[in-house]
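In this note's numbering, the protein residues as written are 97 to 472.
Calculated from the structure, these hints are not laboratory results.
In this text the structure is predicted, and so the values were computed from the model without any measurement.
Heads up, none of these hints are tricks.
Pair ranges (Cβ atoms, derived):
id: 1; residue 1: S321; residue 2: L229; range: 34 to 44 Å
id: 2; residue 1: G369; residue 2: F430; range: 55 to 65 Å
id: 3; residue 1: F390; residue 2: F164; range: 23 to 33 Å
id: 4; residue 1: Y469; residue 2: N371; range: 38 to 48 Å
id: 5; residue 1: P315; residue 2: Y170; range: 45 to 55 Å
id: 6; residue 1: P281; residue 2: P155; range: 46 to 56 Å
Here a beta-carbon is modelled for each residue, glycine too, at the ideal position from N, C-alpha and C.
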Amino acid sequence: MKKALLQACAVCVGATGAYAGGLDRSGQGVNILFEEGNVVQLRLGYADPDVSGSQNGVPSGNVANSFFSPGLAYKHSFNDRLDFAVIYDEPFGADVSYPSAYPLSQNPLAIAGGRNNDVLRAEADVDAITALLRYKFDGGFSAIGGIRGQRADASVAVPAAAGYSFDPGAEVDFGYVVGVAWERPEIAARVSLVYNSKITHDFTGTETFNLRPPPVPAPLVSVSSETEVETPQSVNLDFQTGVAPKTLVFGSVRWVDWPQTVLAPPSYVAITGSNLVDYEDDTFTYTLGVGYQFSEAFSGAVSVGYETSTDALVSNLGPTDGFWSLGLGGTYSFEQAQISGGIRYTDIGDATTTTGGQFSGNSAWSVGLQLTYALN
Numbered sequence: 097m098k099k100a101l102l103q104a105c106a107v108c109v110g111a112t113g114a115y116a117g118g119l120d121r122s123g124q125g126v127n128i129l130f131e132e133g134n135v136v137q138l139r140l141g142y143a144d145p146d147v148s149g150s151q152n153g154v155p156s157g158n159v160a161n162s163f164f165s166p167g168l169a170y171k172h173s174f175n176d177r178l179d180f181a182v183i184y185d186e187p188f189g190a191d192v193s194y195p196s197a198y199p200l201s202q203n204p205l206a207i208a209g210g211r212n213n214d215v216l217r218a219e220a221d222v223d224a225i226t227a228l229l230r231y232k233f234d235g236g237f238s239a240i241g242g243i244r245g246q247r248a249d250a251s252v253a254v255p256a257a258a259g260y261s262f263d264p265g266a267e268v269d270f271g272y273v274v275g276v277a278w279e280r281p282e283i284a285a286r287v288s289l290v291y292n293s294k295i296t297h298d299f300t301g302t303e304t305f306n307l308r309p310p311p312v313p314a315p316l317v318s319v320s321s322e323t324e325v326e327t328p329q330s331v332n333l334d335f336q337t338g339v340a341p342k343t344l345v346f347g348s349v350r351w352v353d354w355p356q357t358v359l360a361p362p363s364y365v366a367i368t369g370s371n372l373v374d375y376e377d378d379t380f381t382y383t384l385g386v387g388y389q390f391s392e393a394f395s396g397a398v399s400v401g402y403e404t405s406t407d408a409l410v411s412n413l414g415p416t417d418g419f420w421s422l423g424l425g426g427t428y429s430f431e432q433a434q435i436s437g438g439i440r441y442t443d444i445g446d447a448t449t450t451t452g453g454q455f456s457g458n459s460a461w462s463v464g465l466q467l468t469y470a471l472n
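Starting from the given sequences, assemble the full structure and let the hints guide the process.
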């Protein structure tokens, strides 16, 4: 039954990972390594954010599109000392679009020879497969290490910047994961500290824009360009412990080094004098919760989450700054399986964009489902 209680806590936290700071989505968790025996785990999250604001008196409507976050993991125990896991997730992503009447969706140039009939928008899809080993030492200590292969793709349009759009194509690159853990199973106590390296993607893509006068009117051109983008390094600290019969306290701290992530296509920088995407500050995200075993078949958990706001100007392609959240999760146990579900409400922090847009009163709902099946 201890396993089901842990699952309830895990899915409660997992649902909270569906909408977080910057481009963060999955949270890059490795808790499958701590499952007993050989298991397979399937997870599906869904987030429905509502992020709106205005600029120059023009409302944006809801600019944040809903999205799914799938996950799949397999863990195998070779022996009492050595475990292996492979994890598929979507660690980062974005899906933002503005209406055609919004000021930054308007191309200010007179056009000849075509224009981009587009709006201010950004899509980013990042998929990762991580292979991990965990070696257990005496005294409850263990070491974690592995490699991560990551595929990144994106598409961005900023019509106000001379009808600009950027399609970098897809790139696959690699990073690594290292960590340590300590656990005391008889009281369900565990602490893990895991470092995720940055991953550098070298894109060769296409920038499309209208040439500024002269000549007048401005023709539409496309150029090939090379752009380097890093997904950021991060550190996850996770902890849990039993505090009373049938009761577990759990929490986490996640640090993400967002200033490492800079998107600066050369033509966009030449047109505007600034980067397309960058971040001034890193983020810390905190989660704290409690789980309880209600019966032999059912366990539940509740958690609160908080991400510090930076009070810095933000990009129009991600007009949020910090959050607080409340999540609920539960697990129903069968003989070899646990089915878990979670729901989370997020109050998204107010933000001011670099162009003076004001975004406030925003929120998100997210849900998560997880199936864990023991193979032995």
